[in-house]
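From first to last, the protein sequence lines stand for chains A and B.
With the first sequence counted from 1, adding 7 to any position gets you this note's numbering.
With the second sequence counted from 1, adding 12 to any position gets you this note's numbering.
FYI, nobody ran anything at the bench for these hints, they're computed from the structure.
Just to be clear, a hint being listed does not mean it is correct.
Said to hold, decoys possible - Using 20 Å as the maximum straight-line C-alpha spacing, the simulated SDA-like pairs for lysine to any residue come out as follows:
{"#": "1", "chain 1": "B", "residue 1": "K188", "chain 2": "A", "residue 2": "N163"}
{"#": "2", "chain 1": "B", "residue 1": "K151", "chain 2": "A", "residue 2": "R168"}
{"#": "3", "chain 1": "A", "residue 1": "K260", "chain 2": "B", "residue 2": "V291"}
{"#": "4", "chain 1": "B", "residue 1": "K198", "chain 2": "A", "residue 2": "V150"}
{"#": "5", "chain 1": "A", "residue 1": "K260", "chain 2": "A", "residue 2": "P334"}
{"#": "6", "chain 1": "B", "residue 1": "K198", "chain 2": "B", "residue 2": "V291"}
{"#": "7", "chain 1": "B", "residue 1": "K157", "chain 2": "B", "residue 2": "G238"}
{"#": "8", "chain 1": "B", "residue 1": "K242", "chain 2": "B", "residue 2": "A179"}
{"#": "9", "chain 1": "A", "residue 1": "K302", "chain 2": "A", "residue 2": "R314"}
{"#": "10", "chain 1": "B", "residue 1": "K188", "chain 2": "A", "residue 2": "G266"}
{"#": "11", "chain 1": "B", "residue 1": "K242", "chain 2": "A", "residue 2": "Q78"}
{"#": "12", "chain 1": "A", "residue 1": "K344", "chain 2": "A", "residue 2": "V388"}
{"#": "13", "chain 1": "A", "residue 1": "K260", "chain 2": "B", "residue 2": "T156"}
{"#": "14", "chain 1": "A", "residue 1": "K344", "chain 2": "A", "residue 2": "R329"}
{"#": "15", "chain 1": "B", "residue 1": "K188", "chain 2": "A", "residue 2": "L171"}
{"#": "16", "chain 1": "B", "residue 1": "K261", "chain 2": "B", "residue 2": "V291"}
{"#": "17", "chain 1": "B", "residue 1": "K188", "chain 2": "A", "residue 2": "N87"}
{"#": "18", "chain 1": "B", "residue 1": "K151", "chain 2": "A", "residue 2": "N163"}
{"#": "19", "chain 1": "A", "residue 1": "K260", "chain 2": "B", "residue 2": "I155"}
{"#": "20", "chain 1": "A", "residue 1": "K260", "chain 2": "B", "residue 2": "D153"}
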Amino acid sequence: MIDATPARDGQPSARRSKDLLYSEGFRAAAYQIALAAAVVFVGLFLYQNVVENLQRQNIATGFGFLREVSQFEIGETLINYSARDTYARALLVGLLNTLSVSAAGIVLATIIGFSVGIARVSNNWLLQRIATGYVEIVRNVPVILQVIFWAAVTRNLPAPRQALELWGLGFLSNRGLTFATPVADPAHGWMFLALVAGIALAGIGDRWARRHREATGKHVDMLWPSLAVVIGLPLVVWLAFGAPHLISFPERKGFSFVGGYTISPEFVALMTGISLYASGFIAEIVRAGIEATPKGQVEAARSIALRPRFIMRYVVLPQALRVIVPPLTSQYVSLIKNSSIAVVVGYPDLVNIGNTVMNQTGQAVEAIAVMMTVYLIISVVTSLLMNTYNRLVAIKER
Amino acid sequence: MTILKAVIRSVLAGVVAGALGASAAQANSGDTLAAVKARGEVLCGVHPARHGFAAPDSQGKWSGFEVDFCHAVAAAIFGDASKVRFVALSSQQRFPAIQSGEVDVLARNVTATLSRDTALGLNFSPPIFYTGTGFLVRKDDGITKVEDLDGAAICMAPGSTTERNVAQIFAARGMKYTPVVIENNKQLVDAYVTGRCDALTKDKAALPGVRAVDTENPADHVLLPGIYSKEPLAMAVRQGDDQWYDLIKWVVYATFNAEEMGVGQANVDEMKASTDPDVQTLLGVIGDNGTKLGVGNTWAYDIVKQVGNYKDIYMRHFGPDSPVALDRDQNVLWTEGGLLYGLPMQ
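Excised from the complex, chain A in its bound form:
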């Protein structure tokens, strides 16, 4: 050991550099740096090449176009927008539409996916077969065809003049689903707050019931108290504001309807298509998660005469979730990206509006860069949220 010290070796520096060359840490770092440099170099080279060639061809470059007036209208907007607004605002409208159709799609896909996934492992023969058939159909047909199918279905609904009346509350036609909505009132904001407070209270109650059960072994059913507080609080607020009950009923006028709120056929077709497609995969993920829970766990729960509902909720699902959540994240992210199929059916999402912007300004590289960046941000944020959730449901090692 002492012989190996560089001081007695005679060629200390050469030996040391040779050691360095063969050291695992140094090599790893060197490879990393070389790779990063290569990536940066290729990136810069491509960027330089694009800019140079665009300039040589006298094609406008840069992001200044975002501040120009768009001069086109958009069919569905969640914020105020007109043809006199800028391209940047038009893209924002598209982004919000992408987010709203994705959010609705994720909720729907999750509900259907979990229900079908649980049905897949059900002991009910018919239910299990139906669920299997459903999964095979929705996940084996390309998503774009499913969206086109639903677009055809919604377009072939009756025209506004022959619209289906929904018990006096709304209409279903090829212009979408139009339904009555309460006229805007200051009470609504407070009712929303009351709803949030109700949900929080129900959560606290649920937690108390669990502690109580763990301490005493006695189960307190919190379902009805929870429902009461979630529905009751907003109701009390509504009454306190003098029960404002003005409702805007849709009426046939001109080409379609006035009053109420309309969900466009394109939104319905796109949301249904992408969420049913995702629900097939989610169902399989849920089934895998449930089947990954050791049989002994369920048998043990049964042996102490736990009700089936409780077995699923307190024994199986908590263990299944840690298998379910990571792949579920991928499904959510791919659902968000699938929403760009909007282009095919005419829903004004980010890509649809980006296309128009690109074609009007001719700045394809910049417009695509904006779209790619936005999708990247949405997907990364979704992953981060899901990873946080995953950490919450993961089994705590004690």
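Starting from the known structure of chain A, arrange chain B on it as the hints suggest.
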């Protein structure tokens, strides 16, 4: 290790090829014509399916008004109108395709505008077709003029000049509408036909084709009278190659001038014997116009002989016998009160 090396080599080759391809897209004077001659065919960007303008026929052969202008360019260069390769382009793909050099010339329902001329780095031939925004509506809706469309849902393609024109037409009249914007032409037409939209808007010249081919009963649909915007359709080339631009420009003028001189596909061989110096110059009997343009001296003769003059081309696709019959309106010679004015070919 060898696999890794092969991968790295192919990636590097791809990067280098991409760089070269990008620089090849940059047009210097003379480059395009030389490249076309070396390739032996013209790459022409056309509409994937616009009846009358460009659509594959029942044998899969491209046919249409704009298709014939591509043939005219090939006839001028090679003396053989068939030496064209057609590239079908969506309205989004068309400008990147011409900018990147994927096609040599664009004859794809392109409206010539200032911003396209400048910001897109394009040059436009003289307009080959004058049209404007038109509306196709259902007869039993009782719509007779654009003012009746207040509150209507209107189907249109994304990014077209139509999208802006409709916004202006409605804003100018203080009216509202719901745009339904669909890129895929089949889905777009389907949305109108099934009743999702009250009106379909496109260039007016494109609507008779939709009515004749895509609707179940063409008589149930009407075109609103009047033209609500200027849509001069022209061929487009990249900026920077003046020789190529000149050639495209004069191919168009040759079709105008041939019609004006009464030289058509039917009589072009007899007209070769004409004593009129203008006709002789056009047909390359005297002068060296072809040489000046960098092509053979019989270039205009070949265009008229193999493709026809403007009238021949128009009547072939929009004549009274065609399924998409269209009046010539402004698309007649200046001598007859129209807008077609060929510059002198001296």
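Hints versus structure:
1. B:K188 <-> A:N163: Between B:K188 and A:N163 the Cα gap is close to 24 Å, so the pair fails against 20 Å, i.e. violated.
2. B:K151 <-> A:R168: 15 Å, holds
3. A:K260 <-> B:V291: 63 Å, violated
4. B:K198 <-> A:V150: Holds: B:K198 and A:V150 sit about 18 Å apart, inside 20 Å.
5. A:K260 <-> A:P334: Roughly 48 Å separates the two Cα atoms, so the pair is violated.
6. B:K198 <-> B:V291: Measuring from Cα to Cα gives roughly 45 Å; hence the hint is violated.
7. B:K157 <-> B:G238: 8 Å, holds
8. B:K242 <-> B:A179: At roughly 14 Å apart (the allowed maximum being 20 Å), B:A179 and B:K242 satisfy the hint.
9. A:K302 <-> A:R314: With a Cα-Cα distance of about 16 Å, the restraint between A:K302 and A:R314 holds, given a limit of 20 Å.
10. B:K188 <-> A:G266: 15 Å, holds
11. B:K242 <-> A:Q78: 16 Å, holds
12. A:K344 <-> A:V388: 13 Å, holds
13. A:K260 <-> B:T156: Satisfied, since the Cα-Cα distance of roughly 18 Å is no more than 20 Å.
14. A:K344 <-> A:R329: Violated, because 24 Å separates the two Cα atoms, which is more than 20 Å.
15. B:K188 <-> A:L171: Violated: B:K188 and A:L171 sit about 25 Å apart, past 20 Å.
16. B:K261 <-> B:V291: 19 Å, holds
17. B:K188 <-> A:N87: 14 Å, holds
18. B:K151 <-> A:N163: 19 Å, holds
19. A:K260 <-> B:I155: Since the Cα atoms of A:K260 and B:I155 sit roughly 15 Å apart, the hinted pair holds (cutoff 20 Å).
20. A:K260 <-> B:D153: 13 Å, holds
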